[in-house]
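K.L.:
In order, the protein sequences belong to chains E and D. The UniProt record's numbering puts the first sequence at residues 1 to 168. The UniProt record's numbering puts the second sequence at residues 1 to 168.
Just so you know, the hints here were simulated from the structure itself, not pulled from any lab data. Certain hints may be false.
Identical copies go unnamed one by one, so any copy, or any two together, can satisfy a pair.
In silico DSS-like cross-links for lysine-lysine, where the CA-CA straight-line distance does not exceed 27 Å [to be verified]:
1. Lys-160 with Lys-150
2. Lys-104 with Lys-94
3. Lys-30 with Lys-76
4. Lys-30 with Lys-104
5. Lys-30 with Lys-150
6. Lys-104 with Lys-150
7. Lys-160 with Lys-94
8. Lys-117 with Lys-160
Residues per chain are reported as follows:
Number of protein chains: 2
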Amino acid sequence: MADTEVQERKIVVAIDEGEESIYALTWAIKNVVSQNSHDTIILLYAKPPLKVYSTLDGSGYLFSSDVMVSMEKYSKDVADCVMEKAKRVCKDLKNVKVEARIEKGDARDVICEAVEKIGADVLVMGTHGYGMIKRAFLGSVSTHCAQNVKCPVLIVKKPKSSNVDKSS
Amino acid sequence: MADTEVQERKIVVAIDEGEESIYALTWAIKNVVSQNSHDTIILLYAKPPLKVYSTLDGSGYLFSSDVMVSMEKYSKDVADCVMEKAKRVCKDLKNVKVEARIEKGDARDVICEAVEKIGADVLVMGTHGYGMIKRAFLGSVSTHCAQNVKCPVLIVKKPKSSNVDKSS
Numbered sequence: 001m002a003d004t005e006v007q008e009r010k011i012v013v014a015i016d017e018g019e020e021s022i023y024a025l026t027w028a029i030k031n032v033v034s035q036n037s038h039d040t041i042i043l044l045y046a047k048p049p050l051k052v053y054s055t056l057d058g059s060g061y062l063f064s065s066d067v068m069v070s071m072e073k074y075s076k077d078v079a080d081c082v083m084e085k086a087k088r089v090c091k092d093l094k095n096v097k098v099e100a101r102i103e104k105g106d107a108r109d110v111i112c113e114a115v116e117k118i119g120a121d122v123l124v125m126g127t128h129g130y131g132m133i134k135r136a137f138l139g140s141v142s143t144h145c146a147q148n149v150k151c152p153v154l155i156v157k158k159p160k161s162s163n164v165d166k167s168s
Numbered sequence: 001m002a003d004t005e006v007q008e009r010k011i012v013v014a015i016d017e018g019e020e021s022i023y024a025l026t027w028a029i030k031n032v033v034s035q036n037s038h039d040t041i042i043l044l045y046a047k048p049p050l051k052v053y054s055t056l057d058g059s060g061y062l063f064s065s066d067v068m069v070s071m072e073k074y075s076k077d078v079a080d081c082v083m084e085k086a087k088r089v090c091k092d093l094k095n096v097k098v099e100a101r102i103e104k105g106d107a108r109d110v111i112c113e114a115v116e117k118i119g120a121d122v123l124v125m126g127t128h129g130y131g132m133i134k135r136a137f138l139g140s141v142s143t144h145c146a147q148n149v150k151c152p153v154l155i156v157k158k159p160k161s162s163n164v165d166k167s168s
């Protein structure tokens, strides 16, 4: 950091199942987070809403409540697993607070709303680096967020050959 | 920085006439550049190519060489002025090398090519934050670069009420 003053920044890192987001977190810890700060890292995970299929849409079956409970549990397990992995990356940080935040909804909405609500100083995101065609159809969470949040956005693309462990 | 090792990063900051890019530079110096590093900041300015009107396109006039020389000079003066302003923002940095680089061409191409050629560790950009309509037509230099460069990209949006001097 250029200043000697102690900084207290809220650094939101969007986490998902992909290793791209773990790479982004690792990069941010190395390049942006200051050990001498009172920075807070907020690990943010958007739990996708469960899609409920009904007989009306032609798929021909309705999930029983048992199946729904299993799916809900699976979704929670994934969220916990992703968060655990992200927290392990942060484990050696001193002075830096680490918070985990899991919210349900579409990643774009969850991230934009959380950044606003938290009053984040910076948003860190990985990117899947889809090709042009896939990007045109799917859009990109990182592009959407970069255009819609008010704070600075750091988009970290994982190099194809890189190894997360090496870069940490 | 999380590590105590001395870093030698190449931080490319795209500079243009708008104060958004000066804000982005200021933010990056405060939040990313390390005084204890051997970081190099590369200030990159893309000088737009002069548009030459010919009688063939129906505009009805051809610029004389005098006018062309004046325009070329004006364009150079703008580039020098922008660079001077950016260098002033960096003037108190110790240990950090600051390089200026002016290249001719469309900003998107210039930035993507320079980042690749330099082997930048991170690209910092301001953004004009166009509204949805303007963005759809004009596209956004920052979005284009975020999607096309391989290194991490930091997009800094200038808050509407912020004052560059205050944040430095």
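K.L.:
Evaluate each hint against the coordinates.
P.N.:
Status of each hint after checking the structure:
no.	hint	in the structure
1	Lys-160 with Lys-150	between (30 Å within a copy, 10 Å between copies)
2	Lys-104 with Lys-94	neither (30 Å within a copy, 45 Å between copies)
3	Lys-30 with Lys-76	neither (29 Å within a copy, 38 Å between copies)
4	Lys-30 with Lys-104	neither (29 Å within a copy, 34 Å between copies)
5	Lys-30 with Lys-150	both (24 Å within a copy, 18 Å between copies)
6	Lys-104 with Lys-150	within (22 Å within a copy, 31 Å between copies)
7	Lys-160 with Lys-94	neither (30 Å within a copy, 34 Å between copies)
8	Lys-117 with Lys-160	between (34 Å within a copy, 18 Å between copies)
Checked against the numbered hints given earlier, the structure breaks hints 2, 3, 4, 7 and satisfies all the rest.
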